[in-house]
Each structure stands twice: as structure tokens, then as C-alpha cells.
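There are 2 protein chains.
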Amino acid sequence: MSLRSLGMELHCRCIQTESRPIGCHIEKVELIPANSHCEETEIIATLKKTGQQVCLDPEAPWVKKVIERIMANRKR
Amino acid sequence: MSLRSLGMELHCRCIQTESRPIGCHIEKVELIPANSHCEETEIIATLKKTGQQVCLDPEAPWVKKVIERIMANRKR
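Chain order of the listed sequences is A and B. Heads up, the first sequence is in the numbering used here, so the first residue is 10 and it goes up one at a time. Heads up, the second sequence is in the numbering used here, so the first residue is 10 and it goes up one at a time.
With the rest of the complex left out, here is chain A (with noise of 0.2 Å):
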């Protein structure tokens, strides 16, 4: 079993982030804390549909507020 799979990186996984919000299209958000291996939190979103997975800016107001609708369970 490689450290890869059970979940763990070893290095970020986000060389660069989505500017438009794209809040309507995600299906599911990651969010990774920052550990020892990357030193950012990293959240990758994963789009209805094609499944692609994108990462967001966790400074970017518009990802901070699509965080927060899907805390509190409000649709678009």
C-alpha cells in the first residue's frame, strides 16, 4: 500500500488555481490542510458532469462564500 493511497501526498497538488467562480458547476470540494508536505491548504473541486478536478484559491472571496453556502446547506 503506497502512502499515495491511503490519501497522503508527498508534495502540493496545485501548481495553479481557478480564477472564475465556478461555484454553480461543483459537484464536491477537498479540502486539504497544510502539513508537513505542502505548506498551503489546497482545495481541489471536483465539476458535475465531467468530473474534472480543479483547484480554488482558498484567499479568493468567491471560493471563501462557496465554502460557506455549502456549510449551510443553501442551494443556488
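Relax, there's no trap hidden among the hints.
For chains that are exact copies, the list does not tell them apart, and a pair is met inside one copy or across any two.
Straight-line alpha carbon distances no greater than 25 Å define the calculated SDA-like cross-link-like pairs of lysine to any residue that follow:
1. K57 / S45
2. K58 / H46
3. K37 / Q61
4. K73 / I31
5. K58 / K74
6. K58 / R22
7. K58 / C47
What the hints contain is simulated information worked out from the structure, not anything from laboratory work.
Fit chain B to the known structure of chain A by using the hints.
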């Protein structure tokens, strides 16, 4: 390619949620917004070391704080 492989579930994934504040054991967190197959937001945390997946209650104050802390990129 199945719907499941696209990350789409046809029902809610969580049956019960973890009540103990396990924030420091969390490797990553998956947020699944309410959708046509599950009317509530689901939060699934993957634990460090074991890789075990546990469901968290989006309404629990400690869970909200964990998400806020991750978003703010603050380490414990």
C-alpha cells in the same frame, strides 16, 4: 464509466456523524453540497495515519471551526 466513478452518488453517503472533536486527526475533508440525490450537505473527513473516513455534522460548532481554520490556513 459508472455514475459512481464520476463522483456522483445516488444517495446520501452519511448514516451517522462523529460527535467527538477530532479536528487534529484530519488529513483532508470532502464537502458534498446538497444535490438531487441527498438533500443535506455531507462532510466526509479522512483521518491521518489510518485513512479512515468519517462523516462530520455540518451544523456542529467544532466542525465549522475546523473548516474555518483550514480555510484560514492556520495550523493547530
